[in-house]
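Take the given structure of chain A and dock chain B to it, following the hints.
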Amino acid sequence: MAATPGDLDIDVLTGELWICLCRGSWYSISGTDSADRRATGRQKSTATHGSYHRWVWLLALLACMMSGCHSRPYPNRPITIICPWAAGGGTDRLARFLADAVQRELGVPCVVANRTGGAGAIGHQAGASARPDGYTLTLITFELCTMHHMGIAPLTYQDFDCLMQWNADPAAIIVRNDARWRDLNEMLQEAREKPGQIKMSGTARGGAWDLARAGLLLANGQSVDDIVWVPTLGAAPALVELVGGHVDAVCCSIPEAASVRDQVRVLAVMADQRLECEPDVPTCRELGIAWTAVGWRGLAAPRGLPPQVKQTLMSVCRRISQSQEFTEFMGTNGFQIAIREGEEFVRFLAEQDRIWKQVIEKTGFRPETKGS
Amino acid sequence: MWHELARPEIWVPWLLGMAFGILVGSTPGLTATMAVAILLPVTFHLPAMAGLAVILGVSFTAIFAGDIPATLLRIPGTPASAAATLDAYELQRQGHGAPVLLTNLFCSAIGGLVGVGLLALLAPQLARWALRFSSFEYFWLGVFGLSLSAVLTPGQAWKGMAAAALGVLASTVGWDEVAAVERYTWGRTELFGGLGFIPAMIGLFGLAEVFRSASHRLARRPDARLEIRSASSRALRTVLAHPRLILQSSLLGTLIGALPGAGADVAAWVSYGLAKRLSRRAQQFGQGCWEGVVAPTSANNAAVAGAWIPALVFGIPGDAVTAIVVGAMLMYNIRPGPNLFHENIHQLHLLLAIAFLTQLFLIPAGMIGILGFRLFIRLPHSLVMSAVVVFCVVGAYAIEQKWFHVMVMFGFGLLGLWFDRHQVPVAPFILGMILQPILELNLRQGLIKSDGRFQAAWERPESLVLMILTLAMILGPAMWHVVRRIVAGIARPRTSESSP
Chain A
-6 MAATPGDLDI
4 DVLTGELWIC
14 LCRGSWYSIS
24 GTDSADRRAT
34 GRQKSTATHG
44 SYHRWVWLLA
54 LLACMMSGCH
64 SRPYPNRPIT
74 IICPWAAGGG
84 TDRLARFLAD
94 AVQRELGVPC
104 VVANRTGGAG
114 AIGHQAGASA
124 RPDGYTLTLI
134 TFELCTMHHM
144 GIAPLTYQDF
154 DCLMQWNADP
164 AAIIVRNDAR
174 WRDLNEMLQE
184 AREKPGQIKM
194 SGTARGGAWD
204 LARAGLLLAN
214 GQSVDDIVWV
224 PTLGAAPALV
234 ELVGGHVDAV
244 CCSIPEAASV
254 RDQVRVLAVM
264 ADQRLECEPD
274 VPTCRELGIA
284 WTAVGWRGLA
294 APRGLPPQVK
304 QTLMSVCRRI
314 SQSQEFTEFM
324 GTNGFQIAIR
334 EGEEFVRFLA
344 EQDRIWKQVI
354 EKTGFRPETK
364 GS
Chain B
1355 MWHELARPEI
1365 WVPWLLGMAF
1375 GILVGSTPGL
1385 TATMAVAILL
1395 PVTFHLPAMA
1405 GLAVILGVSF
1415 TAIFAGDIPA
1425 TLLRIPGTPA
1435 SAAATLDAYE
1445 LQRQGHGAPV
1455 LLTNLFCSAI
1465 GGLVGVGLLA
1475 LLAPQLARWA
1485 LRFSSFEYFW
1495 LGVFGLSLSA
1505 VLTPGQAWKG
1515 MAAAALGVLA
1525 STVGWDEVAA
1535 VERYTWGRTE
1545 LFGGLGFIPA
1555 MIGLFGLAEV
1565 FRSASHRLAR
1575 RPDARLEIRS
1585 ASSRALRTVL
1595 AHPRLILQSS
1605 LLGTLIGALP
1615 GAGADVAAWV
1625 SYGLAKRLSR
1635 RAQQFGQGCW
1645 EGVVAPTSAN
1655 NAAVAGAWIP
1665 ALVFGIPGDA
1675 VTAIVVGAML
1685 MYNIRPGPNL
1695 FHENIHQLHL
1705 LLAIAFLTQL
1715 FLIPAGMIGI
1725 LGFRLFIRLP
1735 HSLVMSAVVV
1745 FCVVGAYAIE
1755 QKWFHVMVMF
1765 GFGLLGLWFD
1775 RHQVPVAPFI
1785 LGMILQPILE
1795 LNLRQGLIKS
1805 DGRFQAAWER
1815 PESLVLMILT
1825 LAMILGPAMW
1835 HVVRRIVAGI
1845 ARPRTSESSP
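Protein chains in written order, with my numbering: chain A, -6 to 365; chain B, 1355 to 1854.
Please note: incorrect hints may appear among the correct ones.
The calculated SDA-like cross-link candidates involving lysine to any residue, where the alpha carbons are at most 25 Å apart (straight line), are [claimed, not checked]:
(1) A:K192 / B:L1801
(2) A:K187 / B:E1813
(3) A:K350 / B:G1806
(4) A:K355 / A:D219
(5) A:K192 / B:A1391
(6) A:K187 / B:R1798
(7) A:K192 / B:G1806
Sample of chain A residues facing chain B (criterion: CB under 10 Å; computed from the structure) [as the list claims (entries may be wrong)]:
(8) G82
(9) G83
(10) R198
Simulated DEER-style distance windows between Cβ atoms [as the list claims (entries may be wrong)]:
(11) B:V1366 / A:P300: 45 to 53 Å
(12) B:H1399 / A:G324: 14 to 22 Å
(13) A:E269 / B:P1692: 23 to 31 Å
(14) B:I1717 / A:E318: 39 to 47 Å
(15) A:R267 / B:H1700: 29 to 37 Å
(16) A:V101 / B:L1523: 42 to 50 Å
(17) B:I1717 / A:D218: 52 to 60 Å
(18) A:E269 / B:A1533: 33 to 41 Å
(19) B:L1825 / A:E318: 38 to 46 Å
(20) B:L1594 / A:S122: 57 to 65 Å
(21) A:D218 / B:L1825: 29 to 37 Å
(22) A:N69 / B:V1535: 39 to 47 Å
(23) A:G324 / B:L1825: 49 to 57 Å
(24) B:N1687 / A:V104: 22 to 30 Å
To be clear, the hints were calculated from the coordinates, so they are not data collected in a lab.
Quick reminder that beta carbons are idealized off the backbone N, C-alpha and C, glycines included.
Here chain B stands alone, though its shape is the one from the complex:
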């Protein structure tokens, strides 16, 4: 099997694909999906396995590379890296840029390995589990995600929730597919497609950052030193210090990635939120906490692997990239579905081997990406910021070649500046925009399916379990507090040493 992978017609396009993934992923506005869509017509001229190797290489490297600008410039390269802007950027500001990037890289590779491992070992079981998810399960997942808005950022919780509510509102603009009506479009055709999540994200993170650095007279320059040796030993120590968290985030990322209705972006946010909930250093999250770096970056790469689980087992895509893959596999004459696991076992093993090796190649490829990006960062600050503006415009335009999206991007840039002035966190706003379609569509679909009965939201065992977990996550800390006080109250007369 291995000698087949050593053939140049496979590894040459594969490595080129990974290089392309680094480039696209680290450019704000160009997403992994876009990279795969661009390369797809090229892959039809290649052997099937080479084509799949290119797609695997591009998607994994692009999701990692999205963390590079998120860390150095506070601009997520792809939506899956938005959660990484919180702590990774803060740590970079404190002078830990290089170790953070390498931690991102190692965690991405480990997350990917865990995801591919689960794909290889448990794919049929996990895919069956993922198919049990329906409208109300996604609804509860959305509620859980949205509840993170209160805990995502330090400071006043109500501001986080208000920002999330605004994000939900902004995301409702456009054509409503459920009722076939337009909402907040004022009859303008451009608004039919909504404001656009990616232009909003680029504006709120990217452009707002440029505005911010322009308004502060003394602009900080990202730390451009890179001592590979000391930085990698620091990163390795970080990775070794959090084995449980990495495993937890990778598993969670794979599971969420395997759900056809949620992708790497949701996976990153949820694992960040869970890490914070379960951490003893919860109050340090958002102010430069290594756990806040490790959790989302492990989860988003694991989710990329997870998305392949239902795609291979049932021919049902787990995210936008695998949606393209499923179509492409038919063109390659590989029929995804249960038969792939019985009849085409050789092709499956080849695919898994490629996915596995991609995680190992990710480390050198990522290092090159980091070095390249650092050369760019080392340019004079004014030049870097001008280039960021260019990237923001190009990224916003490139999504659908619409000037309207560039305008939206500028609008959200100003909004981001306003948020910054009033200490309103941006992350919950983005979270609201990501989760609104999941929440609303699934709630309404669920109610249509149940003929309008709300009880259906907890009638199935899966949704009941998710509801209880979600409510426990939301109300847990408060309830824990109450329980502890009661226990302390009972305990006090007998002994004075109750646990702090």
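Excised from the complex, chain A in its bound form:
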């Protein structure tokens, strides 16, 4: 194989580049300085020599890189946070805030990857099947506790090392300002008397808020079909339908309705206690219905995280959750803060898993009972 002068020049150039990259090791290997080598390199135009040098450099460079990788502790390269929902939404905003905070805490770049679709299944699946090295994290959401009951994907919270829960936004029943019901009980009473008359919307069929509606009806001793669910591609289009007068009510979280708040009334929130931002809105419990439903978000890593890495991440999460910026961020977005760490988070998820299993079974969403 004959070498052309062009090849050699490229050799010299790449050699220079590598020298710049790892100066120290170059001197130790060749024992000459680069000006010297450049002079001789032009004259010795044998291909074997050139490629020999190239291999030496390449190995040296690889050695440098690998030793660098192994000697430096976690984290030493960019971290990815998978967001299972689309850019611009609430979950995405939280993911981007967390990425920014993690980057500042750990000093390595942290980026958000939106892996959307399949009612959240795609992002969660990607997050669960990533390598458990702490470089791929997932912003897990409510749907993780329902998708395996729904038959969407065989994923549960047990496929993740759950680090920290950040928030829990209760579902709210929202109607137009001029709606005919004064409170939730009036609405449910009408639904009982004229089943199927009231049309409610907020998510896809079987989505978080559809299940919240179904659970509410079940908890009130009613049939899930008393209020008809109109599926939409999210809370925003559902609110358009509500404000335009095409559906009667929307079930979604308070921050999702923030931009149309002046034009709607909140009948009740499915929370344990009243929200600070909506002190006049009663909880379902106050109205005599023992039912809560929250859409939660948390940070998790694939199962099998090394203990040290987990510890690092836990302490980072803890610092973020205690920071002023976090409180401010959650406040401006209207997200309800709900911090649960490690084991506590897992217990919460197990409880959620159990609750939603019952609701899904009674609504007939399970693929076995669907009969199709």
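Just chain B now, kept in the frame of chain A:
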């Protein structure tokens, strides 16, 4: 007010945003929505108005810049430019590349101005009108759009309709949000999210074009000459020759853009279809007709402005970009909604001024974009085509960072080649993919809301009017033909000179 806009913390990010918009818009696969989503975290560090200026600048320039590769390479830079590939590309092949691009630019700016004008003058009224649209109205809009498939491209109409049907079918793959079941996924998780409209579009237009140029021994090079003066005078003459069409397309674009359920891509297709229906040169459409350039490119920029109408008036986004904007405005402590038009009148005026000036800045920014892209085109053809393949892969991957989408893109590239071999038009396929969600979801939603009664599809006055318009558009030419023959039949005995 104007001196506030002259502050560097506003205009510097604004112009940078416009430059970024040109870059992203002209790269196939990177959409305006993506550009805004990328820049959003940056804008939180800026004053509120600067942040909104960046978003406005990016979205308008990106939608224009999408027309540049559509014209020169037959690859739409953003989905809103897919309709521009038809006539703009044909004219470019006939050697009118530079005038077409400048026509695109001028029409985009005019369309944007009309849209912003309507936003400033009639926003509350238009937003109320847009909210009257519900499931069945969108359904009829979808039917109208789909009926265009028969007229979109010259040649056999049945091939266009078959392509549209295939597009609808391809778009049904994935998780069905209405019935909570999976369709055509074969249990594979990647298919849950569907095949992906953007990878399909990149494959069918971009990669197929590379395959095509590789299979033809003598590859044509896009016309790389650019005499700004003669080209702009040609473009200006084109614009001046079609004032009614530009106004019609811009108005239609703004109205469709203002609908929360339809965006710039639908606006471009519908105004193209309407232009063809109403044109005296209908048979020239698709073979290099200036009207086919003017209509979609005016409409898509007008639609970007239109999308702000419900966003500002009701806090209800008109498209994916304004969906991000509405969220961002809350972060800036600007509450969109009726109060913006009463209490925050100063902020509103500032916003409108920025939107207005963006249309004027679009012309120099667009010129720079065109010049830059032409430098790229001037490279050896093999290099350009290799770069296009790289862009196609990057674009398909960048949407959701999934290799699956790259595979889909290659698959659709091969499909596009097959379509080309059998003279099946690509445009109706894309139209079918765009309209399937609008058609199907709205029909099913409407039927759920009406407890399964089909009569509800024409019970409300809005849906009745739309249905009549849609049916008139579909059946109009045939009926007109029949009526004319009858009239001619009656008229013949008396006079022999019936109108041709």
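Do the hints match the structure? See the list:
1. A:K192 / B:L1801: Holds - the C-alpha atoms of B:L1801 and A:K192 are around 12 Å apart, at most 25 Å.
2. A:K187 / B:E1813: holds, 22 Å
3. A:K350 / B:G1806: Status violated; Cα separation ~30 Å.
4. A:K355 / A:D219: holds, 14 Å
5. A:K192 / B:A1391: Distance ~33 Å between A:K192 and B:A1391 Cα, so the pair is violated.
6. A:K187 / B:R1798: holds, 22 Å
7. A:K192 / B:G1806: Cα-Cα ~13 Å, so holds.
8. G82: Holds. Min distance 7 Å.
9. G83: holds, 8 Å
10. R198: With Cβ-Cβ at 4 Å, under 10 Å, it holds.
11. B:V1366 / A:P300: 45 to 53 Å: Holds, at about 48 Å.
12. B:H1399 / A:G324: 14 to 22 Å: Holds, since B:H1399 and A:G324 (Cβ atoms, about 18 Å apart) stay within the stated range.
13. A:E269 / B:P1692: 23 to 31 Å: holds, 26 Å
14. B:I1717 / A:E318: 39 to 47 Å: For A:E318 against B:I1717, whose Cβ atoms are near 41 Å apart, the range 39 to 47 Å holds.
15. A:R267 / B:H1700: 29 to 37 Å: The hint (29 to 37 Å, Cβ to Cβ) holds, given that A:R267 and B:H1700 are roughly 36 Å apart.
16. A:V101 / B:L1523: 42 to 50 Å: holds, 45 Å
17. B:I1717 / A:D218: 52 to 60 Å: Holds - the Cβ-Cβ distance for B:I1717 and A:D218, about 58 Å, lies within 52 to 60 Å.
18. A:E269 / B:A1533: 33 to 41 Å: holds, 38 Å
19. B:L1825 / A:E318: 38 to 46 Å: violated, 57 Å
20. B:L1594 / A:S122: 57 to 65 Å: holds, 59 Å
21. A:D218 / B:L1825: 29 to 37 Å: holds, 35 Å
22. A:N69 / B:V1535: 39 to 47 Å: holds, 45 Å
23. A:G324 / B:L1825: 49 to 57 Å: For B:L1825 against A:G324, whose Cβ atoms are near 52 Å apart, the range 49 to 57 Å holds.
24. B:N1687 / A:V104: 22 to 30 Å: holds, 27 Å
Going through the hint list in order, the structure does not satisfy hints 3, 5 and 19.
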